[in-house]
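**Q** Model the placement of chain C on the given structure of chain Z, informed by the hints.
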Amino acid sequence: MDATTHTSFRLSKSLAVLSAITPLVLLAGLIWWFFHGGSQLIERPVPPIEQISIRRVELKPGEFKLTIRNTGPMPVEMTLVTVDEAIWKAEFSPSPHLERLQEATVRIPFDWVSGDPYKIELFTASGLSFEKEIPVAVETPTPSARMFLVFSAMGFYVGILPVAFGILWLPFLRQLGKRWINFFLSFTIGLLVFLGVDALHEGFEVAGALPGVFSGVGLLAIGFLLAFLFITGIDQFLRSRPDAEGRDASLILAYMIAFGIGIHNLGEGLAIGSAYASGEIALGALLLLGFTIHNTTEGLAIVSPLARSRVRLFHLALLGIVGGAPAILGCWMGGFSYSDIASAFFLAIGAGAVFQVVWSIGVQMMKTAEGNLFHLSNAAGLMLGMVVMWATALLVSA
Amino acid sequence: MTSFEKPDSLAISRRRFLHRGAITVAGAAALTTFPAQKAQACMECLTEKLDGKYPIGKTTLVGDQVVPVSSTSASVTVPLQGQYQPELAEAMDPTRYLTAFDYGRVTPRGAGTSQREYLVVAEDKEIEVAKGLKFPAWVYNGFMPGPTLRATIGDRLIIYFENRGSKPHTIHFHGVHPANMDGVFEVVPEGKTFTYDFIAEPFGLFPYHCHMMPLRKHISRGLYGTLIVDPNPPRPTATEMIMVMHGLDVDLDMENEFYAVNGVANYYAEHPIEINVGEKVRIYLSNMTEFDLVNNFHLHANMFDYYPNGTSLQPAELTDTINLCQGQRGILEFSYKYPGMYMFHAHTSEFAELGWMGFFNVKS
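Each protein sequence line maps, in turn, to chains Z and C.
For the first sequence, position 37 matches number 37 in my numbering, and the numbering has no gaps at all.
Every number in my numbering is 1000 more than the matching position in the second sequence, counting from 1.
Just chain Z, with the same shape it has in the complex:
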């Protein structure tokens, strides 16, 4: 940096402070002016469109309970409620009047039939209606010991078991030559790219369904970069420690893969838990098996960098837990208090983590591949990884 040009712009301390706060003062003045009649010029005489988002539907015996939020630009007055196109009693608490971004619960006493579909419509004072479809009426689980166990078991089937199975491939991996190791690392990259793209796609879907006020896509970008930079930071930190020389870089890479896959599995658990809670996967056994098969290759991905290093059993167990256990946490969260905002955010974090790991494996391979990163066997491994994920994903596309 050229010191002389730098100093030519130097201000006195007080002027510097003034320069820092001037834009803020101007902005505050504009806000004041807007709230004191200044906005009249651009205001239209038509009423702004009201916006209500139905955030959660709970089915209790003899009752629908909806959580709604006013996500429009103005206060909203709620009036009639219909269930399957029939006016029904409904109780709004704290009030049918919702200020901007305010939440309310709507209790509708209704003797619903288990397994039937329902359509609930909420009308505002100006006659706009907001609709929520319940595809299959199933009682919403409450955090009981039994439901806790059910969701834990789901997470176990979907996360822990398949990852553990995959880790058991390690002795086999150790028998392979260098080219085959690289083949499986490429396979892992392909697998992770598929997971990352899939998570991003789902993230965009969930974010797109979010009310506009939450800027869903922006939230995705935040989550993605947060995860990417966080894992990169941890990687840098571990490598820069004084004792890092003795530590096996491949173990760090394995943990990073496990972490990325773990966050991905958290998102998967969220989806499974919430779908189960809302009755969308009432016939869940086959679907769970699909997820188990789909996720078995994740274990292989985690241990693929470890083919040439000595690893203690403790680390293998911990890798399995880091990669698989978040699925259990996800099932709990999705089942007991699903939030589409959290879901979009976790999907973005998962994608960011997965792509960071793809990057790290690529860098690692670059160092050892002796300039032949795109060798036919590596390319074949990458494609095979993606195809295997695509094929096993067919099992879970319910």
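Among the hints, a few may not be true.
Derived, one-sided and incomplete: chain Z residues facing chain C with beta-carbon distance under 7 Å [claimed, not checked]:
#1 PRO75
#2 THR79
#3 VAL83
#4 ALA86
#5 ILE87
#6 ASP198
#7 LEU210
#8 GLY212
Since the hints were derived computationally from the structure, they do not count as laboratory data.
The structure presented is a predicted model; accordingly, all values stated were derived computationally and were not measured.
From the three backbone atoms N, C-alpha and C, an ideal C-beta is built for every residue, glycine too.
**A** Quick look at chain C alone, frame taken from chain Z:
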């Protein structure tokens, strides 16, 4: 709202009725022709001179006039005879509407007939069509449905129409009249007036509505009502009610979200109509529902005589359910044998559960 006071007695209201008739003879003489441009002046004379306050519910024949008779069950007065007062329309509700027959400003015309002058004003008005639910309606005389105009066969009807709304409107009456009184080609732009002038025939029940295009929009926004032409001599004395069945397209998407009789969804379910055991009830029923082809009326625990279109004095059938297509109408007559709470509603259950439901509270 002192104008809604119940008249002290029948005698007083009848005296005021006759008094009013005398006042208007002179005014009517000047109006032997009824060009549209004179309508404004006429409305002024109406609002100045008329402060009608009439008992309603039953009708009877006095001389050659069909006049209202005070009813034991209906305790509401109609201040809107022959005129429109927005402040009084504010107080209108389906219970008042039920028995609010507008007989017009009456001038004897000879041969047992009368000349009846009515003022009908179209305007834009927000109507509360269900609890808290506001509908940006287009209305005749401040309420949806519009006023129930009533006359006797052979009467000369003079309807001063003023359009205070934001769109061109007309009034198209069903019944027999000349082409230029049909409210189709004689568009009344915003701020303008028109005078409909024709002889009421035949006797029966006739819907009226705006006939501007798009028709469905102009009707579903609230521009409809009923003209009752009584036979001479009139039908036997009964407790009479008007019921207009209609849809409520509250989000203006050309589909009905709710249904109602006389403007407000579920009103008579929350405010049951009180009648007595053995009391003869006559309902003038019409269907002004848009978007749905058929609406219907079902009476619980009873049967009614049905007179299609009200054009005969002989009932066509004894039934408990009647189907009406768009624009169809008829007269129902019944009385209850046992006391209690009885439901009436559209037998199209969807409509019933979306607001077209009510009760008769039959007292012994």
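**Q** Each hint: holds or not?
**A** Each hint, compared with the structure:
no.	hint	in the structure
1	PRO75	violated (14 Å)
2	THR79	holds (4 Å)
3	VAL83	violated (9 Å)
4	ALA86	holds (3 Å)
5	ILE87	holds (6 Å)
6	ASP198	violated (37 Å)
7	LEU210	violated (23 Å)
8	GLY212	violated (20 Å)
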